[in-house]
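Each protein sequence line maps, in turn, to chains L and S.
Sequential numbering from 1 applies to the first sequence in our numbering.
Sequential numbering from 1 applies to the second sequence in our numbering.
Simulated from the structure, these hints should not be mistaken for laboratory data.
Just to be clear, a hint being listed does not mean it is correct.
So the derived list for chain S, only partly shown, Cβ under 7 Å to chain L, looks like this [said to hold, decoys possible]: (1) F9; (2) G13; (3) N15; (4) G20; (5) R41; (6) I45; (7) Y48; (8) S100; (9) L104; (10) A108; (11) M110; (12) N114.
BS3-like, lysine-lysine: derived pairs with alpha carbons at most 25 Å apart [to be verified]: (13) S:K28 to L:K79; (14) S:K116 to L:K2; (15) L:K79 to L:K2.
If you're wondering where the values come from, they're calculated on a predicted model, not measured in any experiment.
Even glycine gets a Cβ: it sits at the ideal position worked out from N, Cα and C.
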Amino acid sequence: MKVKDLLGHGFEALSLPDGDREIDGVYIGDLLSWVMGRAQMDNAWITIMNNVNVVAVASLADTSCVILAEGVAMTDELKETAEAKDVNVLGSADPIFETAVRLAGLIG
Amino acid sequence: MSDSLVFHFDVDGENFTSAGQASTQVKKNLRQLGLSPAIIRRVSIAMYEGEINMVIHADGGTADVIVTEEYIEIVLADQGPGIKNVEQAMQEGFSTATDSIRSLGFGAGMGLPNMKRYTDSMQIDTVVGQGTTITMRVDL
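So here's chain L without its partners, still in its complex pose (with noise of 0.2 Å):
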């Protein structure tokens, strides 16, 4: 499934530089360099954490895209900095846990 696909399924665009970027699994974390660790190429993030070193992460360990959960905010600074170096960021008003299993069904 590409990322442009999770939109209108509870998810929402902040930053889609990349949309036809392939999804493969999900990662769950907010400590960056535990995620940094342990994500996957082309997996799909979860996060609660909408600092700008999110980005540098999420480039660096080359995942498909960023799910910003619980409705937290995308910062200018953030957005700025995700369409600058190619990182995908999308938005779900829901908590972590349903986030997780609503992708889990889209992704399947």
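Dock chain S against the given chain L, drawing on the hints supplied.
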């Protein structure tokens, strides 16, 4: 190694929000060289962790990335406080980062373990009060 490439970066110790710039640039450079995404990912992660460590603990430093036909070497050098107990620092979960660093999502005690995990070899040369040099290699 007359055909090796060297990329040099100064890592700014003051600017936490721009940390990762050197790693991001290396990722771009390696991509242009046509290296595989898996190799690029390993180098990028190892270097980013080192870069973050230099910002958190050592007020910055330098990063050199040497690309040869056989391996990629990353040399991170700082003049920070040094590592008092390397064995302890290598344990997952051990961290001396402050609460403000932790609030940004760092300080999980995964930096050095991640660097080791994603490289084929890692050497730490550290002198308390003088600084630390970490040399990592990813074989091609």
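We went through each hint and held it up to the structure:
With 7 Å as the threshold, the beta carbon of F9 (chain S) stays out of range of chain L, its nearest partner Cβ sitting at about 14 Å, so the hint is violated. The restraint placing G13 (chain S) at the interface with chain L is violated, with a minimum CB-CB distance near 15 Å, outside the 7 Å limit. Of the supplied interface hints, the one on N15 (chain S) is violated, with its beta-carbon coming no nearer than about 11 Å to a beta-carbon of chain L, more than 7 Å. Look at G20 (chain S): its Cβ gets to within about 3 Å of chain L, closer than 7 Å, so that hint holds up.
The interface hint given for R41 (chain S) holds, since its Cβ lies 5 Å from the closest Cβ of chain L, which is under the 7 Å cut-off. At a threshold of 7 Å, the smallest CB-CB gap from I45 (chain S) to chain L is about 6 Å, leaving the interface hint in force. Taking 7 Å as the C-beta contact cut-off toward chain L, the hint placing Y48 (chain S) at the interface holds, the least distance being around 5 Å. Given the 7 Å rule on beta carbons, the hint for S100 (chain S) is violated: about 12 Å separates it from the nearest Cβ of chain L.
Evaluation of the L104 (chain S) hint against chain L yields a held restraint, the C-beta minimum of about 5 Å falling below 7 Å. Because the closest C-beta pair between A108 (chain S) and chain L is about 4 Å apart, less than 7 Å, the hint holds. Hint on M110 (chain S) holds. Least Cβ distance to chain L is approximately 4 Å, under the 7 Å limit. A distance limit of 7 Å between C-beta atoms decides the matter here; for N114 (chain S) the minimum to chain L is near 4 Å, and the interface restraint holds.
Taken as a hint, the K28 (chain S) and K79 (chain L) pair is honoured in the structure, with Cα atoms around 20 Å apart against an allowance of 25 Å. Annotation: proposed proximity of K116 (chain S) to K2 (chain L) is violated, straight-line Cα distance about 32 Å (limit 25 Å). Taking the CA atoms of K79 (chain L) and K2 (chain L), the gap is about 20 Å. The hint holds against a cut of 25 Å.
Comparing the model with each earlier hint shows violations of hints 1, 2, 3, 8 and 14; every other hint is respected.
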